[in-house]
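Engineer: Here are the chains, one letter per residue:
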Amino acid sequence: MPFRLSEIAQALGARLEGRGDIEIVRAAEPADADAGALAMAMAPEYAEGLSRGGARAALLWEGADWRALGLEAALYVPRPRFAMAGITRLLDPGPGIAPGIHPSVVIDPEAEIAADVAIGPLAVIGRGARIGTGARIGPLCHIAEAVELGEGALLHAGVRIGARVRIGARVIAQPGAVIGADGFSFVTPEVSAVESVRATLGDRGETQGQSWVRIHSLGAVRLGDDVEIGANTTIDRGTIRDTEIGSGTKIDNLVQVGHNARIGRDCLICGQAGVAGSAQIGDRVVLGGRTAVSDHITLGDDVVTGGGTGVLSDVPAGRVMFGTPATRMETQIEIYKAQRRLPRLMAQFAELQRTVRELVARGEASRDR
Amino acid sequence: MPFRLSEIAQALGARLEGRGDIEIVRAAEPADADAGALAMAMAPEYAEGLSRGGARAALLWEGADWRALGLEAALYVPRPRFAMAGITRLLDPGPGIAPGIHPSVVIDPEAEIAADVAIGPLAVIGRGARIGTGARIGPLCHIAEAVELGEGALLHAGVRIGARVRIGARVIAQPGAVIGADGFSFVTPEVSAVESVRATLGDRGETQGQSWVRIHSLGAVRLGDDVEIGANTTIDRGTIRDTEIGSGTKIDNLVQVGHNARIGRDCLICGQAGVAGSAQIGDRVVLGGRTAVSDHITLGDDVVTGGGTGVLSDVPAGRVMFGTPATRMETQIEIYKAQRRLPRLMAQFAELQRTVRELVARGEASRDR
Amino acid sequence: MPFRLSEIAQALGARLEGRGDIEIVRAAEPADADAGALAMAMAPEYAEGLSRGGARAALLWEGADWRALGLEAALYVPRPRFAMAGITRLLDPGPGIAPGIHPSVVIDPEAEIAADVAIGPLAVIGRGARIGTGARIGPLCHIAEAVELGEGALLHAGVRIGARVRIGARVIAQPGAVIGADGFSFVTPEVSAVESVRATLGDRGETQGQSWVRIHSLGAVRLGDDVEIGANTTIDRGTIRDTEIGSGTKIDNLVQVGHNARIGRDCLICGQAGVAGSAQIGDRVVLGGRTAVSDHITLGDDVVTGGGTGVLSDVPAGRVMFGTPATRMETQIEIYKAQRRLPRLMAQFAELQRTVRELVARGEASRDR
Chain L
1 MPFRLSEIAQ
11 ALGARLEGRG
21 DIEIVRAAEP
31 ADADAGALAM
41 AMAPEYAEGL
51 SRGGARAALL
61 WEGADWRALG
71 LEAALYVPRP
81 RFAMAGITRL
91 LDPGPGIAPG
101 IHPSVVIDPE
111 AEIAADVAIG
121 PLAVIGRGAR
131 IGTGARIGPL
141 CHIAEAVELG
151 EGALLHAGVR
161 IGARVRIGAR
171 VIAQPGAVIG
181 ADGFSFVTPE
191 VSAVESVRAT
201 LGDRGETQGQ
211 SWVRIHSLGA
221 VRLGDDVEIG
231 ANTTIDRGTI
241 RDTEIGSGTK
251 IDNLVQVGHN
261 ARIGRDCLIC
271 GQAGVAGSAQ
281 IGDRVVLGGR
291 TAVSDHITLG
301 DDVVTGGGTG
311 VLSDVPAGRV
321 MFGTPATRME
331 TQIEIYKAQR
341 RLPRLMAQFA
351 ELQRTVRELV
361 ARGEASRDR
Chain R
1 MPFRLSEIAQ
11 ALGARLEGRG
21 DIEIVRAAEP
31 ADADAGALAM
41 AMAPEYAEGL
51 SRGGARAALL
61 WEGADWRALG
71 LEAALYVPRP
81 RFAMAGITRL
91 LDPGPGIAPG
101 IHPSVVIDPE
111 AEIAADVAIG
121 PLAVIGRGAR
131 IGTGARIGPL
141 CHIAEAVELG
151 EGALLHAGVR
161 IGARVRIGAR
171 VIAQPGAVIG
181 ADGFSFVTPE
191 VSAVESVRAT
201 LGDRGETQGQ
211 SWVRIHSLGA
221 VRLGDDVEIG
231 ANTTIDRGTI
241 RDTEIGSGTK
251 IDNLVQVGHN
261 ARIGRDCLIC
271 GQAGVAGSAQ
281 IGDRVVLGGR
291 TAVSDHITLG
301 DDVVTGGGTG
311 VLSDVPAGRV
321 MFGTPATRME
331 TQIEIYKAQR
341 RLPRLMAQFA
351 ELQRTVRELV
361 ARGEASRDR
Chain H
1 MPFRLSEIAQ
11 ALGARLEGRG
21 DIEIVRAAEP
31 ADADAGALAM
41 AMAPEYAEGL
51 SRGGARAALL
61 WEGADWRALG
71 LEAALYVPRP
81 RFAMAGITRL
91 LDPGPGIAPG
101 IHPSVVIDPE
111 AEIAADVAIG
121 PLAVIGRGAR
131 IGTGARIGPL
141 CHIAEAVELG
151 EGALLHAGVR
161 IGARVRIGAR
171 VIAQPGAVIG
181 ADGFSFVTPE
191 VSAVESVRAT
201 LGDRGETQGQ
211 SWVRIHSLGA
221 VRLGDDVEIG
231 ANTTIDRGTI
241 RDTEIGSGTK
251 IDNLVQVGHN
261 ARIGRDCLIC
271 GQAGVAGSAQ
281 IGDRVVLGGR
291 TAVSDHITLG
301 DDVVTGGGTG
311 VLSDVPAGRV
321 MFGTPATRME
331 TQIEIYKAQR
341 RLPRLMAQFA
351 ELQRTVRELV
361 ARGEASRDR
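Chains as they are written, first to last, in the working numbering: chain L, 1 to 369; chain R, 1 to 369; chain H, 1 to 369.
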């Protein structure tokens, strides 16, 4: 479905200069753009690429002269990165889930499917599941019994939703996401080595070998509206209450969210991060890639962590944290710099010790004289 | 299926006080409990929640006065955390896999399915697979050829079991688990840069660019009894012999177990941990979340690691380890404290150097005089 | 399918001594080998195992006396590790995907399936997908619309290929791999706290709470020939252009490759590694297990990283890196050693401070006299 450039301008609230009737069917990097593409040239370093590509129209940086760049038209926006959201939404051909319910889908007779739902081949919908209006469910997905899936939700291929999980409107889950696995919760008849180590910070005590007994997860998972869950990400059920993820929170691929965790609204949780059981995370928190949050830890609102941060203790609202164990980012950067100088420091320290020893010896000698 | 409180008391070996005939259908946090719930109030800090909720009965901390808390009955146990295992097992409604074999399941004619097996929709059972009595296999699972699945095993939706894998009794695998992927093992015709770096701890030598040739995995995976495997966790086949995981070992979500690894009995391997190829791990070992164990490393029995530990060399039995590279936990805590003081140390060291230089200069001046 | 030992010798280019007519059906560890097995005894430490096992033939280390080891024949090769590739390829019984297309497969009428393709039960092939000659597609795989899958490719069970992804010849994907999930790319209407933190290395500025708006992924993923993708690994689509992985590159399990990343040829990316969005990685790069590469970072050709390395800035070609933040491996090993001595250094430093203070005081006292 092609768009006229003027339609795109209007959708974005962009300023259009030149011909608005150019038809756009795709976005492209400047050097790869052809006559049907809108070139994404949002900074001066893309000028050279534009000259190599064949675009007639581009999204340009403020101040760029579209005529001099050989274009027939251009769009200008105050915040180009934000304009990307609108342009890519317009031009996205989508995941290819055909309308309607494929005849191969296995739907329990007691499931309730609202109007306008699309379900791809070989999906399975369990007993008592309720699928909201306009939801799209990809091929080979499994929706277990008594799941609620909100209006307009989109599950890509092979998503697994466990029993009794409740999912809000417009939630998107990428392929292979598992929402509602059992929590990892085991207990031994007597106090275990782990409990002893945690209580003493290192002493395993006189604990005996024992087998682990499973604590079942009676809770489920509740996702608010507009949540996104990445590919092969796993979110565990709560033990007694639900594991909860607030509206607007986006979670990347291969992230682990443990049982009983509570994550607030509008958070961003980047790839391979881990939120251990019973952690509590405020609103608008950003966890950089591979961040780990220990169990039972609380992070206040608006906390930001750098990539690979290991959060081992509570963090007050608004802090920017980095490193393992997590410290304020500016402190951590100082620590990293100091670490790099550490081998040299060790050598200098040994030398200084020698010098001081000589001074002491000389002082004693002079007193002896 | 409701239980009378007296039945729960008996199943747990708990002391019952008050009315044993109250019907319990669920467990709940104290503040969320209604008349059909057993409130989980195992410490004094839950008293306030109890007063807000509507529970008639609770699991209480020793010494609590159930009448004063407005309850009609209470259970008391010596180790409440262990009682959770029994209570949650009783009240778990389960994953909703219906009895019998769904007609959409694809079973190879040469597979052997024992009695009382439940298989959900659209599962695939390969040639020569043998499924033990009472096993439950979730929707969209794949059991490849010649797999053995033990009695009472439970595979949640979308589990993948590779060819010739042998799985013990009562094993549980969460959605998306992959047991029996090929090992990651490649070799170059001539010595590669990696081999050279490992031999010299850093020197890549005169190695040339080469392509990687695959070493196929002829071994499979063998899991003992009562093993649990987390959601989207991956366990690779061995090269010549099987990768092995001992009975009673529990593995959390998104864990990687490499080819030829041997993990002992009754271990606990927490979320996102990684056990590289040919590592050997003893019995009752606990790997905290995100722990990494390098290839060909041996961990003795009863080793415990803190979250995020990077084990780069062998660890004797019984050690509690932490940090990267892993050291004894108490040492690592000292190292972390010292790291935090490192920037200040750097400044103080520079100052001390200046002071000593002055002392030396003054000493030389006084000698010159 | 048994092989005569002489056939194996010829396939490997190995030197055969003794009887070439022994029939071999499997490879085995020396102690586990029976009469039909080729014992893998490539170093002298395996001699003892050979004496316990029942092998008639073995792959031996150069210089070993096969008669003295009680064997009837032996193979000798200059590089035994490389010979493993050939032996295991010969003896691999494979994943058990039957020839032909299983009747339960759902194929869109507009898909193009070449000759000699094998597709396991309950796979789904989307509209306009093109499957190359001799490709094998495991059970429960999903190939979305307009995907191109190269000749001889092998997808194990439950692989998910997103729309418009292009995959080269002989590519292998392990179970649960997701190739072509949406990129994790979100933007706020105004500058966000994250953007501010990144610009200032720690200052979140006066940013306001805002909701995240999705930047759709219009690009796809392109894999070259002979690429391997591990179990439950996830590779995201590009935003405007494709995410690209060069021919011959092998990726292990649970690896995350972010949107727009470009990975070169013949790389080795080990388990749980993460390559963040828009990172550029050269040819023949080896990323050790759990290595993290930050977004927009460039790694030159032939870079090698140790396990757990955190690459936060560009790395020139040929460097061997280790630690977080990544430094040259030999430097990092020095840093790790120094860290271990850090608590003692702190104590010694405090003592040295005291000594110097005394020297200063004594010096002042002597001047006052």
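FYI, nobody ran anything at the bench for these hints, they're computed from the structure. Predicted, not measured: the structure shown is a model, and the values here were computed from it. Some hints here could point you the wrong way.
Pairs involving identical chains hold if they fit within one copy or between any two copies, as the list cannot separate such chains.
[Said to hold, decoys possible] Distance condition first, Cα-Cα at most 25 Å in a straight line; then the derived SDA-like pairs of lysine to any residue: (1) 337 to 353; (2) 337 to 112; (3) 337 to 12; (4) 337 to 70; (5) 337 to 202; (6) 337 to 262; (7) 337 to 325; (8) 337 to 118; (9) 337 to 313; (10) 337 to 361; (11) 337 to 296.
Engineer: Each hint should be assessed against the structure and marked as holding or not.
Structural biologist: Evaluated hints:
no. : hint       : in the structure
1   : 337 to 353 : both (23 Å within a copy, 19 Å between copies)
2   : 337 to 112 : neither (59 Å within a copy, 57 Å between copies)
3   : 337 to 12  : neither (44 Å within a copy, 51 Å between copies)
4   : 337 to 70  : neither (48 Å within a copy, 59 Å between copies)
5   : 337 to 202 : between (29 Å within a copy, 15 Å between copies)
6   : 337 to 262 : neither (35 Å within a copy, 30 Å between copies)
7   : 337 to 325 : both (16 Å within a copy, 10 Å between copies)
8   : 337 to 118 : neither (54 Å within a copy, 56 Å between copies)
9   : 337 to 313 : both (23 Å within a copy, 14 Å between copies)
10  : 337 to 361 : neither (35 Å within a copy, 31 Å between copies)
11  : 337 to 296 : between (31 Å within a copy, 22 Å between copies)
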